[in-house]
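*Asks:* What follows is each chain in one-letter form.
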Amino acid sequence: MEYFGIIIGAIFVSNIVLAQFLGICPFLGVSGKVSTSVGMSGAVLFVMTLATLVTWLVYVYVLVPFGITFLQTISFILVIAALVQMVEIILKKVSPPLYQALGIFLPLITTNCAVLGVALLTQSKNYDLLQAMVFAIANAIGFGLAMILFSGLREHLNLMMVPKGMRGVPIALVTAGILAMAFMGFAGMV
Amino acid sequence: MNQWQNFTKGFIKENAVFVLLLGLCPTLAVTSSAINGLGMGLATTFVLVASNMVVTSVKSFIPDKVRIPSFIVIIASFVTIVELVMQAYTPTLFDTLGIFIPLIVVNCLVLGRAEGFASKQSFLSSMIDGLGMGLGFTFALTLLGSVREMLGNGSIFDVKFATGDAILIFILQPGAFIVLGYLIALINKLRKTT
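Chains as they are written, first to last, in this note's numbering: chain Z, 4 to 193; chain Y, 132 to 325.
None of these hints come from the bench; they were simulated from the model.
Take these hints with a grain of salt, some might be off.
[To be verified] Example chain Y residues on the side facing chain Z (calculated, C-beta under 8 Å, incomplete):
hint, residue
1, LEU152
2, LEU155
3, PRO200
4, PRO233
5, VAL236
6, LEU303
7, PRO305
8, PHE308
9, ILE309
[Claimed, not checked] Just the calculated beta-carbon pair ranges, DEER-fashion:
hint, chain 1, residue 1, chain 2, residue 2, range
10, Y, TRP135, Z, LEU60, 42 to 52 Å
11, Z, VAL165, Y, LYS144, 20 to 30 Å
12, Y, GLN218, Z, ASP131, 23 to 33 Å
The beta carbon of each residue, even a glycine, is placed where N, CA and C say it ideally should be.
This is chain Z alone, in the form it adopts within the complex:
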C-alpha cells in the first residue's frame, strides 16, 4: 500500500512535469512527434533509475559518514554527468539497436533537471533504497505519460488553424496549461 501510494502520487498527483515543473526543456523541445517522445521517455526511465540508485548510495555511504552533505549538489551532478557518459559508451558497445533508439537523447539528459531533481527529492523525503527506486521509476513513468500525451496533442495542433501570433511555442504552452489543469483533477487522491 505504501509503494502504491508513492507510485500513484508520483505519476498522477504530483506529476513531475505538469505539477513540479521539472524537465520542461525536453517536454517542450522534443515533443513534436510521438515517436521521439517515446524514445526520450525510454532514455529518461533508464538514466533516472540508475542515477537515483547511484546518488542514493553516494549520499548514504559517502556524504553522510564524512559529514559533507553540503556537497550534495556538486557530487550529484558529477555522478549524473559521468553516468550518462558511461551509459552511452556501454550501450554503444553492448546493444547497438538500443543505442540507435536512445543515443541522440542521452547527451541531452545531463542537463535535464528532472534527473537531478528526482535524486534531490529522494533525499529530502528520506526514502530507503527500495522506496527510492520505486519513486524514481514512477516519476520516469509520469514524465513519459505527460510527454507522450503532450506530443499527441501537438501533432493535432499542427493541423489546427491557430491565430498567427500564437503559433508555435505560445499555443504549446497554453495547451500544456490545460493538460496541467486536467492533472489537477487527481489532487487529493493519495
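Got chain Z sorted already, so can you dock chain Y onto it with the hints?
*Replies:* Relative to the frame of chain Z, chain Y by itself:
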C-alpha cells in the same frame, strides 16, 4: 558590438525566457508571486556572473574534451555558495524556492552562456554578458510573477490592491503555462513591430 548593447541584449532582444526559451523549469515553478521570481532571478544572476568570470579566466587551461564537465563543476561550486548563503540569510525564501536553488546547476541558461559566450570572449565582455542576461532573466521572472500574483491573488509584491475573490488558477500550476504562453506571444509581437 559595444558593451552597452552587450548588456542590454538580455532584456528583450535575446531574453533568456521569452526568446531563447532557456531555463524554463525555474521560470514556471517559482513565479507564483513577484517576490519569488525576483529572488530566483537574482540568485541565478549571481551564479551566471560569477561562473562567466571564472570560465573566461580559466578557458586557456582547460582541455577541449573535458570542457563541459569542468564548466559544470565551476557552476555547481557557485550554486553551493548561493545555497548556503540563502539558507543562512533568507531562510523563508530558501524554503519557498526549495529544490530549484540546487537546480540552478542544470539551468541551461548558465551552462549555455559559459559554453557559448564566456569560453570565447574577454573577461569584461563575459562579465557584462552575464550581468545583462541574468538581469534579463530576473526581469522575465519578475514580470511573470507579477502578472500571476495580480491575477491570482489580487496583489503585487505582497501589497494587496484588490479585495474579493481572485482567479486562483493563475497561481496554481496551469496558470504558469498559460501566462507564459501569452507573454511570449506578446513579446514576439513587440519584437516584430520595433
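*Asks:* Would you mind marking each hint as holding or not holding in the structure?
*Replies:* These are the hints, each one checked on the structure:
Below 8 Å, beta-carbon pairs count as interface contacts, and LEU152/Y has one with chain Z at about 7 Å; its hint therefore holds. Look at LEU155/Y: its Cβ gets to within about 4 Å of chain Z, closer than 8 Å, so that hint holds up. At its closest, the beta carbon of PRO200/Y sits 6 Å from a beta carbon of chain Z; the interface hint therefore holds under the 8 Å criterion. The restraint placing PRO233/Y at the interface with chain Z holds, with a minimum CB-CB distance near 4 Å, inside the 8 Å limit.
For the restraint placing VAL236/Y at the interface with chain Z, the shortest Cβ-Cβ distance is roughly 5 Å, inside the 8 Å limit, so the hint holds. For LEU303/Y, the suggested interface contact is upheld, since its CB lies about 7 Å from the closest CB of chain Z, less than 8 Å. Interface restraint check for PRO305/Y: the shortest CB-CB distance to chain Z comes to about 4 Å, inside 8 Å, so the restraint holds. For the restraint placing PHE308/Y at the interface with chain Z, the shortest Cβ-Cβ distance is roughly 3 Å, inside the 8 Å limit, so the hint holds.
For ILE309/Y, the suggested interface contact is upheld, since its CB lies about 4 Å from the closest CB of chain Z, less than 8 Å. Between TRP135/Y and LEU60/Z the beta carbon distance is about 51 Å. The supplied range of 42 to 52 Å therefore holds. For the pair VAL165/Z and LYS144/Y, the beta carbons lie near 25 Å from each other, so the given range of 20 to 30 Å is met. The given range of 23 to 33 Å is respected by GLN218/Y and ASP131/Z, whose C-beta atoms sit roughly 26 Å from each other.
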